[in-house]
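Student: Heads up: take any position in the sequence shown, counting from 1, add 84, and you land on this note's numbering.
Hints in this document: simulated from the structure, not taken from any laboratory. Take the hints with a grain of salt, since some may be wrong.
What the hints assert, rightly or not - Pairs of lysine to aspartate or glutamate residues, derived as EDC-like cross-links and limited to a Cα-Cα distance of at most 20 Å, are as follows:
#, residue 1, residue 2
1, 146, 187
2, 146, 102
3, 96, 130
4, 96, 169
Stated by the list, open to error - Pair by pair, the computed Cβ-Cβ distance ranges are:
#, residue 1, residue 2, range
5, 86, 123, 31 to 37 Å
6, 176, 117, 17 to 23 Å
7, 118, 138, 29 to 35 Å
8, 138, 169, 31 to 37 Å
9, 170, 89, 33 to 39 Å
10, 143, 170, 34 to 40 Å
11, 103, 126, 37 to 43 Å
12, 167, 87, 19 to 25 Å
13, 106, 181, 36 to 42 Å
14, 169, 125, 22 to 28 Å
15, 155, 97, 14 to 20 Å
16, 88, 138, 27 to 33 Å
17, 86, 131, 18 to 24 Å
If you're wondering where the values come from, they're calculated on a predicted model, not measured in any experiment. Just so you know, even glycine gets a beta-carbon here, dropped at the ideal spot from N, CA and C.
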Amino acid sequence: MNQVGIVGRLTKDPVMRELPEGRVHTSFVVAVSRNYKNQKGEVETDFVLCSSWGRPALNIHKYCHKGALVAVSGRLQSRFYDKEDGTRVYVTEILGDQIRFLDKKKEKAEAVQGEPESAADFDFPPPATDKVTV
Numbered sequence: 085m086n087q088v089g090i091v092g093r094l095t096k097d098p099v100m101r102e103l104p105e106g107r108v109h110t111s112f113v114v115a116v117s118r119n120y121k122n123q124k125g126e127v128e129t130d131f132v133l134c135s136s137w138g139r140p141a142l143n144i145h146k147y148c149h150k151g152a153l154v155a156v157s158g159r160l161q162s163r164f165y166d167k168e169d170g171t172r173v174y175v176t177e178i179l180g181d182q183i184r185f186l187d188k189k190k191e192k193a194e195a196v197q198g199e200p201e202s203a204a205d206f207d208f209p210p211p212a213t214d215k216v217t218v
């Protein structure tokens with residue numbers, strides 16, 4: 085069984101792309117706080133790469149923005165791509181098939197502004213198709 089669910093906030097606006105055959109793909113990163121504190125008394129955060137296809141992809145792009153609280157349900161998938169220098173990069177992400185918006189949509193201008201960029205603001209090339217190469 086391969087099922088996963090997370091609740092957290094988007095680290096930046098979702099990125100959508102339309103493929104020539106009319107399919108839609110959206111990628112986004114969700115910051116998820118852990119349920120415990122580290123030795124310094126701080127709550128640690130995980131930054132989870134997520135992607136979605138079709139209607140869920142359209143909806144996350146249309147209704148969510150940086151800082152939006154979302155619940156993502158789906159499955160884990162692994163893939164890889166080769167960088168220009170020839171190194172292979174492996175990526176594990178959640179392929180979200182259900183995305184719930186847990187706070188009201190804010191206008192883009194009201195979205196959280198001025199927060200420092202986090203380690204999660206990295207970009208991975210989206211998969212070329214929905215098929216996973218392992």
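Student: Measuring from beta carbon to beta carbon, are residue 86 and residue 131 in 18 to 24 Å?
Tutor: 21 Å, holds
Student: Just to be careful, I want the Cα atoms of residue 146 and residue 102 compared with a cutoff of 20 Å; is the pair within it?
Tutor: 14 Å, holds
Student: Kindly confirm whether 31 to 37 Å is satisfied by the beta carbon distance between residue 138 and residue 169.
Tutor: 34 Å, holds
Student: Given the hint of 31 to 37 Å, check if residue 86 and residue 123 actually sit that far apart at their C-beta atoms.
Tutor: Once the Cβ atoms are compared, 33 Å apart, the range 31 to 37 Å for residue 123 and residue 86 holds.
Student: A range of 27 to 33 Å was offered for this pair. Does it hold for the Cβ distance of residue 88 and residue 138?
Tutor: 19 Å, violated
Student: Is it true that the C-beta distance of residue 106 to residue 181 lies inside 36 to 42 Å, as the hint says?
Tutor: At 19 Å between Cβs, range violated.
Student: If you draw a straight line from the CA of residue 96 to the CA of residue 169, is it 20 Å or shorter?
Tutor: 28 Å, violated
Student: Could you say whether the range 33 to 39 Å given as a hint is met by the Cβ separation of residue 170 and residue 89?
Tutor: Holds - the Cβ-Cβ distance for residue 170 and residue 89, about 36 Å, lies within 33 to 39 Å.
Student: Taking 20 Å as the top limit, are the C-alpha atoms of residue 146 and residue 187 close enough?
Tutor: 14 Å, holds
Student: Between residue 176 and residue 117, does the C-beta distance stay in 17 to 23 Å?
Tutor: 20 Å, holds
Student: Could one say that the CB atoms of residue 155 and residue 97 fall in the range 14 to 20 Å?
Tutor: Holds: the Cβ-Cβ distance is about 18 Å, inside 14 to 20 Å.
Student: Determine whether the Cβ-Cβ distance between residue 143 and residue 170 falls within the hinted range of 34 to 40 Å.
Tutor: 38 Å, holds
The structure shown violates the earlier hints numbered 4, 12, 13, 14, 16.
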